[in-house]
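Student: Residue numbers (the numbering used here), protein chains in the order written: chain D, 2 to 416; chain H, 2 to 416.
Take these hints with a grain of salt, some might be off.
If chains are identical, the list can't say which one is meant, so a pair holds when it fits in one copy or spans any two.
Below, computed lysine to aspartate or glutamate pairings styled on EDC-like, alpha-carbon distance capped at 20 Å [to be verified]:
(1) Lys6 - Glu173
(2) Lys385 - Asp409
(3) Lys17 - Glu122
(4) Lys369 - Glu393
(5) Lys98 - Glu88
(6) Lys13 - Asp312
(7) Lys98 - Glu83
Simulated from the structure, these hints should not be mistaken for laboratory data.
2 protein chains.
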Amino acid sequence: MRFSKAFVPTLKEAPKDAVTPSHVLLLRAGFARMVGAGLYEMLPLGLRVQNNISNIVREEMDATGAQEFRMPALLPADYFKESGRWESFGPTLFRMKDRKDGDYHLGPTHEEIITDLARREISSHKQLPLNLYQIQTKFRDEPRPRAGLLRCREFLMKDAYSFDVSEDAARESYATMRAAYQRIFERLGLDYRIVRADSGAMGGSTSAEFQVLAQTGEDRIVACTQCDFAINLEADETLSEGKPCPECKTPLEQYLGIEGGHIFILGTHYSEKMGAHFAGTDGKQQPLVMGCYGIGISRLVAAAIEQQHDDQGMCWPPSIAPYQVVLCPIGKDETVTAKAEELYTQLREHNIEVLLDDRDTRPGAKFKDADLIGIPHRIVIGAKSLANNQVEYKPRTASEATLVSTSDAVTAVLK
Amino acid sequence: MRFSKAFVPTLKEAPKDAVTPSHVLLLRAGFARMVGAGLYEMLPLGLRVQNNISNIVREEMDATGAQEFRMPALLPADYFKESGRWESFGPTLFRMKDRKDGDYHLGPTHEEIITDLARREISSHKQLPLNLYQIQTKFRDEPRPRAGLLRCREFLMKDAYSFDVSEDAARESYATMRAAYQRIFERLGLDYRIVRADSGAMGGSTSAEFQVLAQTGEDRIVACTQCDFAINLEADETLSEGKPCPECKTPLEQYLGIEGGHIFILGTHYSEKMGAHFAGTDGKQQPLVMGCYGIGISRLVAAAIEQQHDDQGMCWPPSIAPYQVVLCPIGKDETVTAKAEELYTQLREHNIEVLLDDRDTRPGAKFKDADLIGIPHRIVIGAKSLANNQVEYKPRTASEATLVSTSDAVTAVLK
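Chain D on its own, in the form it takes in the complex (with noise of 0.2 Å):
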């Protein structure tokens, strides 16, 4: 991408009520717009990371031979009615009545709708198990939506939701999802914890939080530092009232976390309340076992810039960058600019993602925008260091640039 032909509409300074690292950066950054309250349009850069994001999910998801479908985010009232959730979800629920006075409301969350999906599938223990996820924008109004894409009353989510035989095939299921959700937050280069939620009515652990760290986190994370154990206090209130921890003595660490993940094993309660039953190997009637997975992919876009940035702007990690390079030419010098566009063809030929701030704006403004943005790798093209056929190198994170050969800057980004 040209940044000259780019929509990219940086700002000087965020408004005042933002506040939180990854909104004001969000907003500064030309990521991100507010429509209303806690609702937000996904700007080019943003969305190019939100869409990096869901690729990794969708990846890892397919290896585990889930499968993707869509349910609609517009809903009839009678699913959450048969739940009993119409009612309990109160006033987070977004409701309305269609042309025909029938009651309607936005998908919050989609049990109901894929028990009745699988009620209506699934008759057979050789159907299963099963997996099916979708990766979908959900709606939830929220008492007070804040901190840009943290808390959003428009979201994109991905949900899975897996069927089994029986609790122990149930606990199968979550344990390939557990593990995908490892390769997950691997790749989207996140440092996180894997958080007990609740040890569950089934036995053993059932549920658990996939908890990115940041300084801005508003989960309290008690982690251990030799192995895996870590807790969230804000749920766990049994070690929130000091209680000792069996598993794991010292020491412990605090951590500040924001929820990325959360999984975990349902059982049967949502189809025994719809009746959603197979038939057996005995051939008799039982209901289905069910999971299910939510990762909150826009607010991941969010999480991932609380963690990693400076105070110059975001540090994408390169798996999630909305480009991995930006190339600046400096002067107008034609030998800088040919081998700016050299490397602009020959970067994008290897499949990396390129900003060409090819821009006619001075070196300081464009180092500037290259740092608020966070693109992982920086190649600076002047005449002079050209004439020795060399380019300044500066991954993001790094204070200073290195003068390297042409060649070894491009090694360095396709590493």
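Since the structure of chain D is already known, use the hints to place chain H on it.
Tutor: Chain H in isolation, oriented as in the chain D frame:
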């Protein structure tokens, strides 16, 4: 994908209220399910087709320099109130109150929202031309949702909006989009006509529909068999009154069509109403000249079926087929299974999407499902022919299979 694991709930018969071929086949072949009037679940096969269409649209939009972004679906009423459409849209708008009693609605289209973005972010001619697009779920409370995905209340649409300095420049943007749409509809593999919908207020052709020809179409098209001339009798009253057409004489033919895309120049209607101005080269403030360009992505899933099906089922164009090849091993002979697995791996290594029908079912049932789902290439592997290193190959639309060498079958698929 292994058919034994795939969630493809086929039906012997569609529910009686399904009449239109695409509606019947989408239900029978397990591509979609109804959740409420005009509200559908896209099951894995249906979603794959929809994603294939989206990707072709995205690639061709990106190639023109248009930039993808995303606006919210849930919108504060202010913007439509400002344009007057809060009133004029009537009961087709899904309206609701939030928990603070504020007026909101679901986006049926987004001219006001993007005009608001433009007035906030575009201030100078230097930022133009600009074309922003989104692929997004839209909502309209249709008086009569019907025919499955052809007329839904929730549907997927690509909507693009162009901003230019002048009417001439807007016409250039329009011409660019028209050419992109031609490439899109060609790549989709659909027989279509570009229909002049309206000669517009600005002189010259400023609006066109992309009509997918189908026996079941509701729009009556008159098109010249020799040149590009085509009109929609539903939209063009002059011609439906039998008045002559100056540009083109006989031979004319009549077709039926389904509107798949619509492009038009909006001019300054929204920018004047909402005060979206920019400073021209002379520094004077003037309204942005806009165009808008829609493609009904989910509708095209159905339109493609309406155009390309037979008594046995769907006949997908390869570019949008859920899978390009179905492999049908027959019997339990080990060499058959091994060859099927070998072909499965080999074709996927060539980035071909393959459905391996590994179900323990009789050949006739496999063939019926392959035809119903409409996969372009079928390769049948049986012990007898395999002894001669041959397989049966049949394109979906051929009446008979032919015995070919396995390498020839692979070549036919890769073509």
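Student: Pop the pair lysine 13 and aspartate 312 into one bin, within, between, both or neither, using alpha-carbon distances up to 20 Å.
Tutor: For lysine 13 and aspartate 312, the Cα distance is within 20 Å only inside one copy (13 Å; across copies 63 Å).
Student: Measure nothing new, just compare the shortest in-copy and cross-copy C-alpha distances for lysine 369 and glutamate 393 to 20 Å and report within, between, both or neither.
Tutor: within (15 Å within a copy, 62 Å between copies)
Student: Is it within, between, both or neither when you check lysine 98 against glutamate 83 at 20 Å Cα-Cα?
Tutor: Cα proximity of lysine 98 and glutamate 83: one copy only (18 Å, versus 23 Å across).
Student: Can you give me the call for lysine 6 and glutamate 173, within, between, both or neither, at a CA distance of at most 20 Å?
Tutor: Answer is between; shortest inter-copy Cα gap is 17 Å, intra-copy 50 Å.
Student: Can you give me the call for lysine 385 and aspartate 409, within, between, both or neither, at a CA distance of at most 20 Å?
Tutor: within (18 Å within a copy, 58 Å between copies)
Student: At most 20 Å between C-alpha atoms: does lysine 98 with glutamate 88 qualify within a copy, between copies, both, or neither?
Tutor: both (16 Å within a copy, 17 Å between copies)
Student: As a check of your reading, is lysine 17 near glutamate 122 (CA-CA no more than 20 Å) within one copy, between copies, both or neither?
Tutor: Between copies only: 18 Å across chains, 52 Å inside a chain, cut-off 20 Å.
The structure meets every hint from the earlier list without exception.
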